[in-house]
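Those protein sequences? They're chains A and B, same order as listed. Take the first sequence: its position 284, counting from 1, is numbered 284 in the numbering used here, and each next residue is one higher. Take the second sequence: its position 26, counting from 1, is numbered 26 in the numbering used here, and each next residue is one higher.
Note that these hints are calculated values from the structure, not bench results. Don't take every hint at face value.
Since the list can't tell identical chains apart, any single copy or any two copies may satisfy a pair.
Stated by the list, open to error - Mimicking DSS-like on lysine-lysine, the simulated pairs with C-alpha atoms at most 27 Å apart in a straight line are:
hint, residue 1, residue 2
1, K297, K254
2, K191, K283
3, K283, K296
4, K229, K191
5, K254, K296
6, K296, K29
7, K283, K74
8, K297, K29
9, K297, K283
10, K283, K254
Given the structure is predicted, the values throughout are model-derived calculations rather than measurements.
Number of protein chains: 2
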Amino acid sequence: MTQDYFDRFFAGETLAASRLMSIVEAGGKAGEAVLNRLFPEVGRAYRIGVTGFTGAGKSTLVDAVSRRYRDAEKSVGVIAEDPSSPFTGGAILGDRVRMQQASDDGVFIRSIASRGSETGLSACATQLADVLDAFGRDIIFLETIGIGQLEYRIRHMAHTTCVVLTPDAGDDVQSLKSGLMEVGEVFVVNKADRENARRYADDLRSMLELRQNADWLPPVVETVGTREKGIGELHEAIERHREYLSQDGRLEEKRVESLRDRVTLVADERLRELFWGNDTIRKKLDSIVASVVAGKKSPYEAAREILEPLAINSRK
Amino acid sequence: MTQDYFDRFFAGETLAASRLMSIVEAGGKAGEAVLNRLFPEVGRAYRIGVTGFTGAGKSTLVDAVSRRYRDAEKSVGVIAEDPSSPFTGGAILGDRVRMQQASDDGVFIRSIASRGSETGLSACATQLADVLDAFGRDIIFLETIGIGQLEYRIRHMAHTTCVVLTPDAGDDVQSLKSGLMEVGEVFVVNKADRENARRYADDLRSMLELRQNADWLPPVVETVGTREKGIGELHEAIERHREYLSQDGRLEEKRVESLRDRVTLVADERLRELFWGNDTIRKKLDSIVASVVAGKKSPYEAAREILEPLAINSRK
Numbered sequence: 001m002t003q004d005y006f007d008r009f010f011a012g013e014t015l016a017a018s019r020l021m022s023i024v025e026a027g028g029k030a031g032e033a034v035l036n037r038l039f040p041e042v043g044r045a046y047r048i049g050v051t052g053f054t055g056a057g058k059s060t061l062v063d064a065v066s067r068r069y070r071d072a073e074k075s076v077g078v079i080a081e082d083p084s085s086p087f088t089g090g091a092i093l094g095d096r097v098r099m100q101q102a103s104d105d106g107v108f109i110r111s112i113a114s115r116g117s118e119t120g121l122s123a124c125a126t127q128l129a130d131v132l133d134a135f136g137r138d139i140i141f142l143e144t145i146g147i148g149q150l151e152y153r154i155r156h157m158a159h160t161t162c163v164v165l166t167p168d169a170g171d172d173v174q175s176l177k178s179g180l181m182e183v184g185e186v187f188v189v190n191k192a193d194r195e196n197a198r199r200y201a202d203d204l205r206s207m208l209e210l211r212q213n214a215d216w217l218p219p220v221v222e223t224v225g226t227r228e229k230g231i232g233e234l235h236e237a238i239e240r241h242r243e244y245l246s247q248d249g250r251l252e253e254k255r256v257e258s259l260r261d262r263v264t265l266v267a268d269e270r271l272r273e274l275f276w277g278n279d280t281i282r283k284k285l286d287s288i289v290a291s292v293v294a295g296k297k298s299p300y301e302a303a304r305e306i307l308e309p310l311a312i313n314s315r316k
Numbered sequence: 001m002t003q004d005y006f007d008r009f010f011a012g013e014t015l016a017a018s019r020l021m022s023i024v025e026a027g028g029k030a031g032e033a034v035l036n037r038l039f040p041e042v043g044r045a046y047r048i049g050v051t052g053f054t055g056a057g058k059s060t061l062v063d064a065v066s067r068r069y070r071d072a073e074k075s076v077g078v079i080a081e082d083p084s085s086p087f088t089g090g091a092i093l094g095d096r097v098r099m100q101q102a103s104d105d106g107v108f109i110r111s112i113a114s115r116g117s118e119t120g121l122s123a124c125a126t127q128l129a130d131v132l133d134a135f136g137r138d139i140i141f142l143e144t145i146g147i148g149q150l151e152y153r154i155r156h157m158a159h160t161t162c163v164v165l166t167p168d169a170g171d172d173v174q175s176l177k178s179g180l181m182e183v184g185e186v187f188v189v190n191k192a193d194r195e196n197a198r199r200y201a202d203d204l205r206s207m208l209e210l211r212q213n214a215d216w217l218p219p220v221v222e223t224v225g226t227r228e229k230g231i232g233e234l235h236e237a238i239e240r241h242r243e244y245l246s247q248d249g250r251l252e253e254k255r256v257e258s259l260r261d262r263v264t265l266v267a268d269e270r271l272r273e274l275f276w277g278n279d280t281i282r283k284k285l286d287s288i289v290a291s292v293v294a295g296k297k298s299p300y301e302a303a304r305e306i307l308e309p310l311a312i313n314s315r316k
């Protein structure tokens with residue numbers, strides 16, 4: 001990556017941004033070099049997490065709220081995890097469809113293909129958001145599929161996290177995971193034209209009030225994304241949370257937590273690479289697996305043994 | 001855990017099995033001690049993985065196929081990941097509902113609450129399957145939610161992996177992830193009474209034929225789980241794959257791969273515990289995060305530095 005490329009990036013060339021994002025997404029030394037170079041310029045954007053189950057209508061909501069920000073002359077970027085069913089390779093298709101809608105060049109949309117793990121996916125989304133942040137986007141949406149222990153993944157990815165729910169038949173607010181309740185700073189009941197939506201939203205409000213243990217009571221916004229209903233309210237709710245964060249050092253606190261998280265994630269990944277990439281360990285694994293196969297050791301005893309060569313020098 | 005408990009377990013007491021599973025699920029030294037004690041008895045059960053998106057009808061299929069095995073006088077165990085929406089704490093509810101159906105004591109059903117990560121979930125499911133295996137169950141179903149990089153998770157969990165799909169409006173076989181295509185040994189098109197089901201199944205068959213690179217061409221079975229249609233065919237397809245595996249040392253090959261995987265997973269988890277549990281590392285993390293916050297280092301440079309005290313002794 002030549003200096004020339006970075007110059008074009010900082011001059012606001014979309015193609016240069018796309019190219020840097022591809023390098024970052026591919027990972028490795030080159031990706032890291034880009035991130036190191038951009039890091040001093042990262043930290044100005046406001047990041048909005050939008051999470052929810054496949055089919056909840058996240059993309060439609062993100063598109064609609066983006067327009068509000070565009071109207072207010074803010075530049076917008078969107079990082080979307082595979083926007084389709086977990087069973088389809090939706091990233092490519094989704095990219096194409098959404099790119100077409102994004103004719104307004106104030107919105108930069110990027111889908112991420114899936115990664116080896118959920119953690120890998122979050123790490124990649126955060127890195128791409130960093131590129132858009134350094135690129136000067138004011139607002140960055142991180143659209144994530146809520147799967148598994150999502151609370152673990154998205155806790156520090158965004159400044160404001162919106163949890164998008166839909167009132168499906170038979171769904172009960174009581175059954176929402178407590179972790180999900182804790183991670184949401186704004187709740188959206190989308191498809192609010194459905195029969196039981198109002199009751200669902202009211203139940204959600206009662207539950208949030210009961211649980212409240214901080215100064216911020218997460219608002220519940222009712223929307224119909226496909227008919228642009230409730231979008232203004234959602235935009236306002238996000239902005240109210242942003243205002244809240246801007247007080248009493250809360251934004252700085254979030255920044256520290258998020259950086260700590262990031263360092264830990266990167267170190268974790270590298271720890272595994274170093275360990276399993278080591279010749280001694282690889283040979284040891286082969287011989288130990290052989291004795292597990294022969295029934296001489298349990299996998300747990302074997303795992304303990306593999307870790308024996310590991311040492312942490314306290315002087316360094 | 002007293003010897004008496006293991007005696008009751010090996011005598012076939014369901015309560016003792018439940019108790020041991022709870023200990024294993026809780027993890028730690030006690031869980032590991034149970035797994036070590038049971039390991040010599042593990043390896044007789046046939047494991048059938050059933051994976052698919054939430055709502056695909058996996059539980060209904062597993063229940064129906066279980067009955068076929070029960071009719072053939074096989075004892076059955078089911079390990080089910082959170083059977084409800086990823087957004088609900090379904091494990092508890094699911095447990096209750098399914099336990100009631102399992103009045104036949106030849107079927108032992110156990111749901112797992114979600115874990116810190118997908119990998120943690122797979123590891124836990126495999127461990128609980130080990131307990132049921134040692135308990136003498138002939139057939140063990142591992143019902144997993146297909147999320148994220150599921151191919152990565154379930155590759156070595158089962159002897160026969162069934163991928164359950166449903167032909168939803170607009171779905172296209174072409175968009176199925178290639179990883180998913182590779183992991184399935186039996187494909188099920190459930191809800192086959194839907195309009196486009198036949199075409200979907202046919203497309204799937206064509207695609208599998210094109211991709212075929214081994215001796216085994218995965219069959220595509222059309223089922224309507226709720227009306228018990230196609231259950232006999234599904235049962236037969238699984239048994240045909242089992243028969244295939246029993247030849248040419250394939251079963252042994254699967255066993256070795258699965259044990260290698262298991263050792264690696266356990267060691268991986270422990271590696272992180274050892275590393276981050278170390279005092280030197282924890283102190284180092286604090287001071288390094290501070291310099292990232294101050295803008296003196298990027299998170300990537302910081303991560304490299306944290307790993308410096310790591311050493312792998314080649315003599316051990």
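Status of the hints after comparison with the structure:
no. : hint        : in the structure
1   : K297 / K254 : between (46 Å within a copy, 18 Å between copies)
2   : K191 / K283 : neither (56 Å within a copy, 48 Å between copies)
3   : K283 / K296 : within (18 Å within a copy, 39 Å between copies)
4   : K229 / K191 : within (9 Å within a copy, 34 Å between copies)
5   : K254 / K296 : between (49 Å within a copy, 18 Å between copies)
6   : K296 / K29  : between (41 Å within a copy, 20 Å between copies)
7   : K283 / K74  : neither (55 Å within a copy, 41 Å between copies)
8   : K297 / K29  : between (38 Å within a copy, 16 Å between copies)
9   : K297 / K283 : within (17 Å within a copy, 36 Å between copies)
10  : K283 / K254 : between (43 Å within a copy, 21 Å between copies)
Comparing the model with each earlier hint shows violations of hints 2 and 7; every other hint is respected.
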